[in-house]
Amino acid sequence: MGEEITLNITRYNPDKDGKYTTQRYSIPYKNDWSILDALNYVKAELDGSLTYRWSCRMAVCGSCGMMVNGTPRLTCSTYLNEFYPKEITIEPLANFPVIRDLVVDINDFMAKLKSAKPWIIRKNKRDEDDTSKEYLQTTGQMDKYYQQTLCINCTLCYAACPVYGLHPDFLGPAVIALGHRYNKDSRDEGKADRREVLASEHGVWKCTVVGDCTEVCPKHVDPSAAIQRTKVDSAINWFFSFLTGRK
Amino acid sequence: MCLLKKINALEPLWWSLFGAGGMVAAFLLPAHIFIQGIAIPLGWVSPDMFNYSSLIGIVGNPIVKIYLFFMIILPLYHAAHRIRLTLEDLRIEWLNHILPLIFYGGATGLTVVTLIVLIRI
Ligand code: SF4
Ligand code: FES
Numbered sequence: 041m042g043e044e045i046t047l048n049i050t051r052y053n054p055d056k057d058g059k060y061t062t063q064r065y066s067i068p069y070k071n072d073w074s075i076l077d078a079l080n081y082v083k084a085e086l087d088g089s090l091t092y093r094w095s096c097r098m099a100v101c102g103s104c105g106m107m108v109n110g111t112p113r114l115t116c117s118t119y120l121n122e123f124y125p126k127e128i129t130i131e132p133l134a135n136f137p138v139i140r141d142l143v144v145d146i147n148d149f150m151a152k153l154k155s156a157k158p159w160i161i162r163k164n165k166r167d168e169d170d171t172s173k174e175y176l177q178t179t180g181q182m183d184k185y186y187q188q189t190l191c192i193n194c195t196l197c198y199a200a201c202p203v204y205g206l207h208p209d210f211l212g213p214a215v216i217a218l219g220h221r222y223n224k225d226s227r228d229e230g231k232a233d234r235r236e237v238l239a240s241e242h243g244v245w246k247c248t249v250v251g252d253c254t255e256v257c258p259k260h261v262d263p264s265a266a267i268q269r270t271k272v273d274s275a276i277n278w279f280f281s282f283l284t285g286r287k
Numbered sequence: 118m119c120l121l122k123k124i125n126a127l128e129p130l131w132w133s134l135f136g137a138g139g140m141v142a143a144f145l146l147p148a149h150i151f152i153q154g155i156a157i158p159l160g161w162v163s164p165d166m167f168n169y170s171s172l173i174g175i176v177g178n179p180i181v182k183i184y185l186f187f188m189i190i191l192p193l194y195h196a197a198h199r200i201r202l203t204l205e206d207l208r209i210e211w212l213n214h215i216l217p218l219i220f221y222g223g224a225t226g227l228t229v230v231t232l233i234v235l236i237r238i
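Note that the protein sequences, when read in sequence, are chains B and E.
According to the working numbering, the first sequence holds residues 41 to 287 in order.
According to the working numbering, the second sequence holds residues 118 to 238 in order.
Hints were generated in silico from the structure; no laboratory data involved.
Every value quoted in this text rests on a predicted model; they were computed, and no experiment measured them.
Worth double-checking, as some hints may not be accurate.
Stated by the list, open to error - Derived CB-CB ranges, DEER-like: (1) B:Ser240 <-> E:Arg208: 18 to 28 angstroms; (2) E:Thr203 <-> B:Lys126: 26 to 36 angstroms; (3) B:Asn71 <-> E:His214: 49 to 59 angstroms; (4) B:Lys173 <-> E:Val229: 37 to 47 angstroms; (5) B:Gly285 <-> E:Val229: 19 to 29 angstroms; (6) B:Met150 <-> E:Arg208: 19 to 29 angstroms; (7) E:Met140 <-> B:Arg64: 49 to 59 angstroms; (8) B:Arg97 <-> E:Asn125: 41 to 51 angstroms; (9) B:Trp159 <-> E:Lys182: 44 to 54 angstroms; (10) B:Thr248 <-> E:Val229: 44 to 54 angstroms; (11) B:Arg64 <-> E:Lys122: 46 to 56 angstroms.
What the hints assert, rightly or not - Rough simulated footprint, nothing fancy, chain E against chain B, three-plus residues with beta-carbon under 8 angstroms: (12) 234-248; (13) 266-275.
Even for Gly, the Cβ is constructed at its ideal location relative to N, Cα and C.
This is chain B alone, in the form it adopts within the complex (with noise of 0.2 angstroms):
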């Protein structure tokens, strides 16, 4: 017998009782296994009604979020060799409700996601059908939105937001950034459209900088600084339609 780690694994299904419980399995221990390999083992080899996603195995889909002693983590991207030889608590992502086991429901993600508008917008609706037109770019342009663009949507921000966590209306930290990254874009022009999502009550203003979206981000994507530079353009906005009476 070979070296060996535990996994906590948090249990659940709504057909069955209901109940969360923790189940342990103890697996071999390989270094260069991630979470994600582990979770796979279980499933062959312990319990095949273990439920997990995944797809991807390599940090680009999103999809394998969970929280891993109890920090919000890619699985696929997490290996057991930074928590060898002791055990490793593996939960659904945190501030979402659970479907079954380690899958959660992002539907609520999904909805404010697409109220942010995250695609280019033209005030002429013709240039959005027209694919003949090239809309070009410096590579400076680009440098002010292209941050944003490495977002995956894991949703682990949404997971580490404490102010999510407490207000489930606040858009949170991915949404912003999205609506920042397109608001930044030059070949955007639909930044009065996101306005209202964005500057509502349950945007911006709702984030009070704890910061912990950033820290965890796999994708370096710093979603606190997209929302404070969206505080500073809604403020200047505000003001100058204060002065002006423009809405």
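Put chain E with the ligands on the given structure of chain B with help from the hints.
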């Protein structure tokens, strides 16, 4: 409740004052605390430069008054906003409804007091 709605709708204003107050509290106040609170009492600078009659002369200058006004009131709004948000996070529902009133009202009241005192010097 209508008044409360109006106060909440001014969030961009409170936040801007909060941000500006943070800058003042971080950069200007420490210098003042150092000079008035430490350097003068310990005699590091000659107390003659800071006696009543010379100070009152300095404070009487309109530009100094404007400076003092912002130096005093901005951190008030900074504190008001920060304490309000912290208390709101504690989720005492009935309290949450009156917090904006107490804190921004308090800061605004003290702003008026500051204004009156500075004008009367
Ligand atoms: S901002 Fe970062 S943590 Fe949040 S969803 Fe995007 S990639 Fe994930
Ligand atoms: S499996 Fe795609 S991000 Fe982890």
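Here's how the hints hold up against the structure:
As the Cβ distance of B:Ser240 to E:Arg208 is approximately 21 angstroms, the hint placing it in 18 to 28 angstroms holds. Distance hint check: the CB atoms of E:Thr203 and B:Lys126 are about 34 angstroms apart, consistent with the given range 26 to 36 angstroms. Our hint of 49 to 59 angstroms for B:Asn71 and E:His214 holds, since their Cβ atoms are close to 55 angstroms apart. For the pair B:Lys173 and E:Val229, the beta carbons lie near 57 angstroms from each other, so the given range of 37 to 47 angstroms is not met.
About 26 angstroms separates the C-beta atoms of B:Gly285 and E:Val229, a value consistent with the hinted range of 19 to 29 angstroms. The hint said 19 to 29 angstroms for the Cβ distance between B:Met150 and E:Arg208, and at roughly 27 angstroms that hint holds. Checked against the hint of 49 to 59 angstroms, the pair E:Met140 and B:Arg64 passes, with Cβ atoms roughly 52 angstroms apart. The beta-carbon spacing between B:Arg97 and E:Asn125, approximately 46 angstroms, falls within the hinted interval of 41 to 51 angstroms.
Taking the beta carbon of each, B:Trp159 and E:Lys182 are about 52 angstroms apart, inside 44 to 54 angstroms as hinted. As the Cβ distance of B:Thr248 to E:Val229 is approximately 28 angstroms, the hint placing it in 44 to 54 angstroms is violated. Between B:Arg64 and E:Lys122 the beta carbons are some 52 angstroms apart, a value that agrees with the proposed interval 46 to 56 angstroms. Counting residues of the stretch 234-248 of chain B whose beta carbon lies closer than 8 angstroms to any beta carbon of chain E gives 4, which reaches the threshold of three, so the coverage claim holds.
By the rule of at least three residues with a Cβ nearer than 8 angstroms to a Cβ of chain E, the coverage given for the stretch 266-275 of chain B holds, with 3 such residues.
Violated hints for the displayed structure, listed by number in ascending order: 4 and 10.
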